[in-house]
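There are 4 protein chains.
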Amino acid sequence: MTGYSIADPGLAESGMKKIEWALQFMPVLQHFGEEYLESRPLQGMRIATCLHLEAKTACLLATLRRLGAEVSAAGSNPLSTQDDVCAALVRLGVDVFSHRGMSDEKYFENLGSALDIRPHIVIDDGADMIAMLHAKRRDLLDDIKGGAEETTTGITRLRAMEVEGTLAFGVIAVNDASSKYLFDNRYGTGQSVMDGLMRTTNALIAGKNIVVAGYGWCGRGVAMRAAAMGARVIVVEVDPHRAFEAVMDGHSVMSMMEAAPLGDIFLTLTGNTGVIRKEHFDIMKDGAILGNAGHFDVEISRPDLENLAVEVRGMRRNIATYVMEDGRKIHLLAEGRLVNLAAADGHPIEIMDLSFSIQLLSALHVAKNRLEAGLHPVPPEIDRAVVEVKLKTMGISLERLTEVQKAYMNSWRE
Amino acid sequence: MTGYSIADPGLAESGMKKIEWALQFMPVLQHFGEEYLESRPLQGMRIATCLHLEAKTACLLATLRRLGAEVSAAGSNPLSTQDDVCAALVRLGVDVFSHRGMSDEKYFENLGSALDIRPHIVIDDGADMIAMLHAKRRDLLDDIKGGAEETTTGITRLRAMEVEGTLAFGVIAVNDASSKYLFDNRYGTGQSVMDGLMRTTNALIAGKNIVVAGYGWCGRGVAMRAAAMGARVIVVEVDPHRAFEAVMDGHSVMSMMEAAPLGDIFLTLTGNTGVIRKEHFDIMKDGAILGNAGHFDVEISRPDLENLAVEVRGMRRNIATYVMEDGRKIHLLAEGRLVNLAAADGHPIEIMDLSFSIQLLSALHVAKNRLEAGLHPVPPEIDRAVVEVKLKTMGISLERLTEVQKAYMNSWRE
Amino acid sequence: MTGYSIADPGLAESGMKKIEWALQFMPVLQHFGEEYLESRPLQGMRIATCLHLEAKTACLLATLRRLGAEVSAAGSNPLSTQDDVCAALVRLGVDVFSHRGMSDEKYFENLGSALDIRPHIVIDDGADMIAMLHAKRRDLLDDIKGGAEETTTGITRLRAMEVEGTLAFGVIAVNDASSKYLFDNRYGTGQSVMDGLMRTTNALIAGKNIVVAGYGWCGRGVAMRAAAMGARVIVVEVDPHRAFEAVMDGHSVMSMMEAAPLGDIFLTLTGNTGVIRKEHFDIMKDGAILGNAGHFDVEISRPDLENLAVEVRGMRRNIATYVMEDGRKIHLLAEGRLVNLAAADGHPIEIMDLSFSIQLLSALHVAKNRLEAGLHPVPPEIDRAVVEVKLKTMGISLERLTEVQKAYMNSWRE
Amino acid sequence: MTGYSIADPGLAESGMKKIEWALQFMPVLQHFGEEYLESRPLQGMRIATCLHLEAKTACLLATLRRLGAEVSAAGSNPLSTQDDVCAALVRLGVDVFSHRGMSDEKYFENLGSALDIRPHIVIDDGADMIAMLHAKRRDLLDDIKGGAEETTTGITRLRAMEVEGTLAFGVIAVNDASSKYLFDNRYGTGQSVMDGLMRTTNALIAGKNIVVAGYGWCGRGVAMRAAAMGARVIVVEVDPHRAFEAVMDGHSVMSMMEAAPLGDIFLTLTGNTGVIRKEHFDIMKDGAILGNAGHFDVEISRPDLENLAVEVRGMRRNIATYVMEDGRKIHLLAEGRLVNLAAADGHPIEIMDLSFSIQLLSALHVAKNRLEAGLHPVPPEIDRAVVEVKLKTMGISLERLTEVQKAYMNSWRE
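Residue numbers (the numbering used here), protein chains in the order written: chain A, 1 to 414; chain B, 1 to 414; chain C, 1 to 414; chain D, 1 to 414.
Next up, chain A with everything else stripped away, as it sits in the complex (with noise of 0.2 Å):
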């Protein structure tokens, strides 16, 4: 244990019960955090993790460390920071490096508190930490076994690392895993940002126009429940097939600056920058209310907002009003950040059961098979694993293929 840095270890009380209240709904973490209980497979490992301090996650450091690991924690966003469950991790042996509200220049700080731990393992959410280690502290990568990424935005990063023969050592692109995105981005961030959009507003959703900024996996689950609670979507894409599918889901489909004068509520969810900027805060109708859901938060332009603002404003907890020279007004949501992680709890629990799942089971990977330099995908037997264990403690049967259906499938004769 090399030490932590928190807002109050005072909270760990708090902290306890939010964990406590979170396992009950991660039957699947529990199934393989008791499977390996004995056998204690990362006895000695290192595992440093850049990840969204609240209470699923510490469910997750919590295993790693009854398996045997020591764990490092630096907060991977400043605004998803949970000081009660930091101080929670404390108690439970993790070292914790983070708090609510804290600095960009304390945030890489803290990124690199938790690399002194000199990790074996280390499991990133955005990839800042692999970069970092690449970056500065290229001294640790030798003792580097692999490493683990959450999100797309992390995977298009170390896929331009790996284009540029930057990478250094082994990394599972966990969010690529079927287990992973094809619930935790469309089905977990589409409850959660609606949550947190609710939550943070109070404003009605139906009859609303909402803007949903791409239509990948993320986008398409906000677009899917914002429809679902009453909302016209409008989609704005880069891509004709996203948008063509956009289309065929009901929703309509036009560029920025043909959505920016018609949107209520705008959503970002694209992985790139400046997706919502002064061309289009100047076209928006008064009363607009902008979130971000992409990871960083570089997509609606702050800079462009401050620039244009004659004033900014406080309003409801979350929500920083922009007025404009014309008196309009423009509503951001968590400072641009991510609106269901710094404005809401995140995803659902029993969404990140799965992905967090999917994060033991690759660390378990990497602590017995140091990895190739790389990107890797999640060995598929993971990847089943933990959705037929899910399956498994929701009570539902799969079908079972006869040996005739079998032969069937690979017999091409008619």
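FYI, nobody ran anything at the bench for these hints, they're computed from the structure.
Don't take each hint at face value.
Repeated chains share a single entry, so a pair holds when one copy, or any two copies, can fit it.
With a cut-off of at most 27 Å between alpha-carbon atoms, the simulated DSSO-like pairs for lysine-lysine come out as follows [unchecked claim]: (1) K136 to K406; (2) K406 to K392; (3) K329 to K278; (4) K285 to K392; (5) K285 to K17; (6) K329 to K285; (7) K329 to K17; (8) K406 to K278; (9) K106 to K136; (10) K392 to K329.
Please arrange chains B, C and D on chain A, whose structure you already have, making use of the hints.
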């Protein structure tokens, strides 16, 4: 002004911001507030109100003030009262008697204090204030020109009083206006209950069995949105037509005894008592979550839960966990009180804009026209005006009948 | 038996099979047919009917016969008559006067022939038979114990007659029974109009702009199912509450002049005349498709279309293409007659099982109780019995109120 | 031209109208047909096709002709062949060998006749033609520059051939193009299967238990639309990720043995054999309806049904009723052949516009570039071009990445 009794007048600043936020999304109330601003038609009127004291209600009360009335306010539910909003209301000149978490005893004392204003008009939510007037404060009856009632539950009680011959003054059934029940009860409740459920539990909705007791306007709103979020909905109903509507809407329908062992989440919206009780708790799954969205906290039998439990534990905010003798845990949200008000911010703002505009215009109507004793419908011109203004603020055009069409609708000859 | 006039008695075998098929899905009608089989309560009654003569209607007519009545039948729409079903009905002893594609002149002649039975009871669909009785066959009025009307359109006409003081006998408003309009008008129309539209055009629904004129029970059924198939729905309404319900249901709302240039498909369900007319045709897109699902073929102005067209061509079955002077093509389905009946098989069988069971029990009621002149609601015990039997045949249990709950609903004291 | 063998050349007029109707809704095929009209890039090419011979397919075949090819056509399914369209195709110069209801023997004879054209290119749907080429007409292999396969089923067979080392020429997997499977398999199948089911049975969808076997792209399209029409959907799957997606989409999931006694309607879309068989028929409800939408008529075991039945009766068109020994009736639609093609008009026109544009451009590609033996993906530029043209014809704008955004997507540094 007769005084006030609130938690902390120092919270007014926060309450003022909440009110300002809400007012932006209430263009209809703003419209009528301005239309009548100069004439101050409530000058000299004393209005006692019993309502959920949060920001949207505050916009109604502030408007009544601005149009000339003296206004007192009691909270209609101990857990729906927001203390900062109460403080702001006091600053705006309303006599407020309520604080979050008040005891039942204090609740009735506050009702009495609000009545001390000696009202000409009462605006009630659930009919507790009107019931008290008839039971204990008959001295005040002579002054009363009329009242207005907001809820289905209140109307049911008032109708029982009317049948019994007890109801001593006229009450406008605001709940039964098309501009109210078609929207507030359905889309309002639909969104706000899902909001309360999600933010309180962080549980996944998709794939859950959600039991909805009652398929009236509130129940169908909740069932619609729960299904839209991916749940499988089981409806419990006593009325056969409503039951078959639920079937046609794609839900399962069964008795509560059949539903009890299947449900993951139970939501009650019946207006009745003991809808979920001992015999049902006995056969529920471990981990069942219970929430009420009916007006009173009698739909889920808390006494039965307390009798059965060997332990009661607080976990997340607004969740009490009852541990049964056999170890099963049953989680009760918000003490069985309105989960959308006690554990969230109540209905979306735009919905209450309609309901409270009906309230405002009904109060103006009563101020001019003392009502005969009994229940009265909202005057149709008021009902129509409110939604017409709403459509206008949204820039929506109605189709207009041509003269030919008007004639056609009144003729029967081929 | 007074005779018959149909296309071809030789088609009876095919009609009998259709009737047998339908009867399987009509357990409620079967139930009441058997309950009253022995007592033959219609013995001696003469019943004249004007209905859509297809298989489900035939099940009603056959049941009336089996319970002892003499029955005559005219088709209520030239295009909804199925000739093979007519032949089967003749074999079952019903006096049938109709054939598919009959002229307007023949239509009225057939109505007259059906009336020649000198009915005690008339069962009407659209009120043409009742109108004829009052206009030209007043000699028959004395025999009539009462009637029943199936549609919203018919009720509107009868109400106009009642207001005018013309209505000479009692008519049960079958349309207004909960067991009828809540299901037949909404879910029945919803499915059957989409069926008719899809099978006639083979056009894709997803991604289309579908304009629905009228948001009554029929219109909302169609809008609901169109959206469910992936369309973007535009609602045109004259009533503000209905318009705002459409907004809350996620649809766009505008006037027909605004909708005309946007729509790919137009569906009318208003009960009014000239809903789509010259000024709208002038600005429609090339390729627009028009279908009517209101009772009469006046909602889409065919005279206007014919005036505007330089050519009219038949393409697929039930489609007439009007070529405008500027080359634009406008496609009219089923000559502007009920698209679900003229271009498909009408409502789903199970829906008509409810509606026709109401018709059967209403006829039994009239046979026993001559009605006062005027419109009468369906007796509530009939309305309830029908849907209760339906639920029973589906194995669905209603919740039952406890004594405590009954008492609670009747008390107002806290 | 080698001749033709069709039901009745006299039906050409009706077929021509159907083709004209379809062509209006195929702007993408029209676009490419015109783009290449002058250069006639298929001049000298002989193309043998095995496809569903209805109007949309005819538009593809006519376009191939117009671009210079000689074209022969066999029907890919005895019940999907429309005789009037065949007659029209002959008039348009295509060598057609098919008639509705042909025997299995004749089906294969027709395949052989179509091959007699000695094709340079084969376009197949289900891979029967390609299989015949490898099994019995190896003399033709030398001439073949390449082929294209339309279906999931066909791809599965071709992949088995490839694994086995048998596949003797290159085949483009048209099915696997994004422009195809994302739309045709999902939204196309979703709509057309519901259309076929509704028009064939006139049964109500709302409130029914519909069992969907297979949750691939086709199955999820059908499940989505069935639920949208008010059904409760039960999914039967062998793959755990797909099964859990079905759960998240709000469906129930179970094995076929569990589903068999619950289902009112069963739809198979698995690509496998014997999906519903004796052990399931034995426990089905009286009145169960069975339809197949997988490529071959082997998914519902007709031999088992015939063994079990004491009587088989035709009722409505395209329905065979099997009466079990215990009196239960089981209704099989369209002889267990593709219910959307054999009992309706196949996919919506606009969907096939995309799929057949891919076919057209793939044929052009093969004509210019003889393929290596093996399965080939559709060239990405073709896949993209097709959907881009589609969006353009709809007037839909894509968002365009800025230079800053392109750079951002390629960098990994914070």
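Now the hints, each set against the structure:
1. Proximity of K136 and K406 under a CA criterion of 27 Å is satisfied inter-copy only: 26 Å between copies versus 53 Å inside one chain copy.
2. For the identical chains of this complex, K406 and K392 are intra-copy neighbours only, at 23 Å inside a copy versus 43 Å across copies, given an alpha-carbon limit of 27 Å.
3. Taking CA atoms no more than 27 Å apart as the test, K329 paired with K278 passes inside one copy only; the shortest distance there is 14 Å, against 43 Å between copies.
4. For the identical chains of this complex, K285 and K392 are inter-copy neighbours only, at 16 Å across copies versus 49 Å inside a copy, given an alpha-carbon limit of 27 Å.
5. Taking CA atoms no more than 27 Å apart as the test, K285 paired with K17 passes between copies only; the shortest distance there is 21 Å, against 43 Å inside one copy.
6. When the C-alpha separation of K329 and K285 is checked against a cutoff of 27 Å, the pair qualifies only within one copy, where the shortest distance is 8 Å, while the shortest distance between copies is 38 Å.
7. Only between protomers do K329 and K17 lie at most 27 Å apart by alpha-carbon distance; the minimum there is 15 Å, versus 40 Å within a single protomer.
8. Only between protomers do K406 and K278 lie at most 27 Å apart by alpha-carbon distance; the minimum there is 18 Å, versus 58 Å within a single protomer.
9. In this homomeric assembly, K106 and K136 come within 27 Å of each other (Cα to Cα) only inside a single copy, at 16 Å, whereas the closest approach across copies is 62 Å.
10. Proximity of K392 and K329 under a CA criterion of 27 Å is satisfied inter-copy only: 21 Å between copies versus 50 Å inside one chain copy.
In summary, this structure violates none of the numbered hints.
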